[in-house]
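2 protein chains.
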Amino acid sequence: MPASDSIPSLQTTLLHRRQRLADLVGCPVVLWSGGRSPRNFPANTYPFRASSHFLYFAGLSLDHAAIRLDNGRMELFMDDPTPADILWHGAMPTRDEIAQQIGAEAAYPLEQLTHRVVGAATVAVQDTGTRYAQAQALRRGLFPTKRPEGLDRELALALVELRLCHDASALAEMRRAIAITVEAHLAGMAATRTATQESEVRAAIEAVMIRRGATPAYTSIVTTRGEVLHSDRSCNRLQPGDLMLVDAGAETESGWASDVTRTYPVSGTFSPTQRDLYDVVLAAHDRCIDYVHSGAEYRTLHWRAALTMADGLAQLGILKGDPESLVEQDAHALFFPHGIGHLLGLDVHDMEDFGDLAGYAPGRVRSDRFGLCYLRLDRPLQAGMVVTIEPGFYQVDALLNDPERRANFDGVVNWERLEEFRDVRGIRIEDDVLVTETGSEVLTVALPTDADSVAQCVRGE
Amino acid sequence: MPASDSIPSLQTTLLHRRQRLADLVGCPVVLWSGGRSPRNFPANTYPFRASSHFLYFAGLSLDHAAIRLDNGRMELFMDDPTPADILWHGAMPTRDEIAQQIGAEAAYPLEQLTHRVVGAATVAVQDTGTRYAQAQALRRGLFPTKRPEGLDRELALALVELRLCHDASALAEMRRAIAITVEAHLAGMAATRTATQESEVRAAIEAVMIRRGATPAYTSIVTTRGEVLHSDRSCNRLQPGDLMLVDAGAETESGWASDVTRTYPVSGTFSPTQRDLYDVVLAAHDRCIDYVHSGAEYRTLHWRAALTMADGLAQLGILKGDPESLVEQDAHALFFPHGIGHLLGLDVHDMEDFGDLAGYAPGRVRSDRFGLCYLRLDRPLQAGMVVTIEPGFYQVDALLNDPERRANFDGVVNWERLEEFRDVRGIRIEDDVLVTETGSEVLTVALPTDADSVAQCVRGE
Ligand SMILES: [Mn+2]
Ligand SMILES: [Mn+2]
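Top line first, the protein sequences correspond to chains B and P.
Each residue of the first sequence is one higher than the last, beginning at 443 in our numbering.
Each residue of the second sequence is one higher than the last, beginning at 443 in our numbering.
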């Protein structure tokens, strides 16, 4: 990790980012931060988080603000706090103080924005209220974020180019998010020793995030039903024979994410069958990470994972046939139905608001093939990208007991042998990996992945 | 607390609620649950929570669902999970299973709703996407939730009448929310013993909520800057001389809220000045609760609190004059600028989506007077209502150092004496109180309010 004195100041970082934007986009750019989303009534909102594109250039999660970027210059538009704001929310920095903090060259009340948006490109934000304000100010319709056109598409492509590879400040933020996440996972493992229910483990994990001033970057998955890929509840009781799957990542105050998964035995000891399958997933994980380098095709990583899984499952007698032909038939996808990972940055699936514009290289489109339709990234890797590597093995009833699929794969699956692995519902091992010029750096390396070390963490040894 | 066998089943409760609605509203009623609000990209949403009006009649927090209530009959409209839903989110109950669970008389796919909405009244939900779907289905514009008209206003008034007073099932849920909240506050007090920062206390509090399968009903306030009424960050370091103000309440899975505040010394010992002002706030709290009974005017409670505060501050030499005339001049509001409380139910400010329609009796409007403009409730109390009682004392710079206000109150404030109470930034004591036929029941009684007991909890004695 670079010493903190090698990380430029916030102002320098933001200036550099908008200068690079100016090299890519000829027109002015106006980015809105977005507003608070109401939960059950207008004053009771979800915790605010500014739009990622705004955060990239403004650095602070301001609500009801906008920035205008033109030729390397930044103007900030926001209103000063009212007396009622100050009564209810305390003394807040003024517009001018914030402008100084982020190095904006000028600052104006929000209403002045209408005079400064002619011919500007923008990105539609997520909250509908602000989207309406955007269209009003620009006096034109907005394209859906995942299908921008004209100037907005030019801007989107420029943002993708900028945000694909991370600068030193971004990496420092992500390292901070990851450090909190590692601490949170270790706390979750420790809590498992005495927990009787999933929610106790989840509480221990999220408490670390809260304690460190972070928030979950996405709904934490803390479950013994690992085969449910996006399980968002944690209400099951823990049984000693269960595997616990924890997919949880912290997000820093300025919006940078992490995304880490570990799977471990609730009892602190893998059963032989759990250990066998864990090692298959780990082999896929390790082989992928070994292959990460600038210039590597991410899709090739996915296939390496698939081949390693097919090979391992064949060696365990669960699949029958040679790995290449098993993968050709998508037999691995019966047990590994998702992609090997995705981009990571300000968003946990970075820039997924643009649909596949960031994840897929120009000219490439997502396959509808069973083994590929959930692959979120298909680009050659470049130094400075951060990607997740997250192979998994799952026994999903809906896939394995679908009569048609079962008939299709009858020749290649040994269903009786599979029966013996009943105590494995889901295993996933996910790390965050920085692509470097010479190979890669596993940013999440402080959290062990091998079965023995993971089990030791759970046992507290 | 009533034995659980005296609480009717969910089906019986919901049937009774819609039968009562039928007595009040002649037309069919269609209520939408709402959809997920995106955070930074569409697939990364805030935790879903159905609209309170939907929850009141449907009991479950279903997303993308609607119910049609007509003459005591309930139809459920929602789609069965798709194969992709099941892959990503696990096996889910079908529409028919959910209908059975909540006692709906019929269940249809969502698209069928368009044929069943003619002449129906509704409430606009909070998320804009669903609001658009509502208008589309009804083929008419929607009124803003806080200013409904026509049939929708009739429905809103009926919902207010129903939801003002709670049935046994609602009270059981609120008692559960409160039990979790009491445990959370005690955990926060215990964590304060070793904490160095506000966020550690907040983590301990919210961890209890997560552990118990609940969520915060609103953004927790956990701060040594108690004078910031809605402080939503917890990043200050704890100093031994600080008072910690914690305003945090759990919400149960079916959406019922609690709302509790305690203020205590970080060190476990009140300074004499802190203790003096704490006892003034506690006296206001106790005098209000003593007065709660069916038929009492809530506004009178507010004045009792104001008078008690004025009296106590005069006895401490901070205010000069007799309590009645001080309150007449709004001198108390310099230090107690908010209302004495609000309705509590499915929403922490119950039915505040209707503006003041629920909080203010017909014909009453909110005052713009300094001491009254934040009073959220102005109705005669009825048995079955739950209200908060939450007097406070704050030293808000923006109020106390405003030159005009300072000049106005120069004759009644002893500024030098006030100076001696510098170590008190903010104190609030908030309980949830059920109005009964004979008086009241403090639902939050398990969490002590008197200074000695509170300090003991912090010290762990
Ligand atoms: Mn991931
Ligand atoms: Mn309250």
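It should be emphasised that the hints constitute simulated quantities derived from the structure, not laboratory data.
In this text the structure is predicted, and so the values were computed from the model without any measurement.
Check each hint, because a few of them may be wrong.
Below, in silico cross-link-like pairs of lysine to any residue (SDA-like), each with a Cα-Cα straight-line distance of 20 Å or less [stated by the list, open to error]:
| hint | chain 1 | residue 1 | chain 2 | residue 2 |
| --- | --- | --- | --- | --- |
| 1 | B | K588 | P | S809 |
| 2 | P | K588 | B | L814 |
| 3 | B | K588 | P | K588 |
| 4 | P | K588 | B | A485 |
Between beta-carbon pairs, the in silico distance windows are [what the hints assert, rightly or not]:
| hint | chain 1 | residue 1 | chain 2 | residue 2 | range |
| --- | --- | --- | --- | --- | --- |
| 5 | B | T715 | P | G571 | 38 to 46 Å |
| 6 | P | H672 | B | A610 | 51 to 59 Å |
| 7 | B | F812 | P | C469 | 45 to 53 Å |
| 8 | B | Q757 | P | A533 | 51 to 59 Å |
| 9 | P | G853 | B | P450 | 32 to 40 Å |
Glycine residues also receive a C-beta, built at the ideal position from the N, C-alpha and C atoms.
Do the hints match the structure? See the list:
Under the criterion of a C-alpha separation no larger than 20 Å, the hint pairing K588/B with S809/P is inconsistent with the structure, at around 47 Å. Distance check on the hinted pair: K588/P and L814/B sit about 48 Å apart at the alpha-carbon level, beyond 20 Å; violated. The straight-line distance between the Cα atoms of K588/B and K588/P is roughly 33 Å, outside the 20 Å bound, and the hint therefore fails. Proximity of K588/P to A485/B is assessed by CA-CA distance (about 12 Å); at most 20 Å being required, the pair is judged to hold.
Roughly 45 Å separates the CB atoms of T715/B and G571/P, a value that falls within the hinted 38 to 46 Å. A hinted range of 51 to 59 Å for the beta carbons of H672/P and A610/B is inconsistent with their spacing of about 36 Å. Taken as a hint, the range 45 to 53 Å holds for the pair F812/B and C469/P, whose Cβ atoms sit roughly 49 Å apart. Remark: the range hint 51 to 59 Å for Q757/B to A533/P is contradicted by a beta-carbon distance near 31 Å.
Distance hint check: the CB atoms of G853/P and P450/B are about 56 Å apart, inconsistent with the given range 32 to 40 Å.
The structure does not agree with the numbered hints 1, 2, 3, 6, 8, 9 stated previously, though it agrees with the rest.
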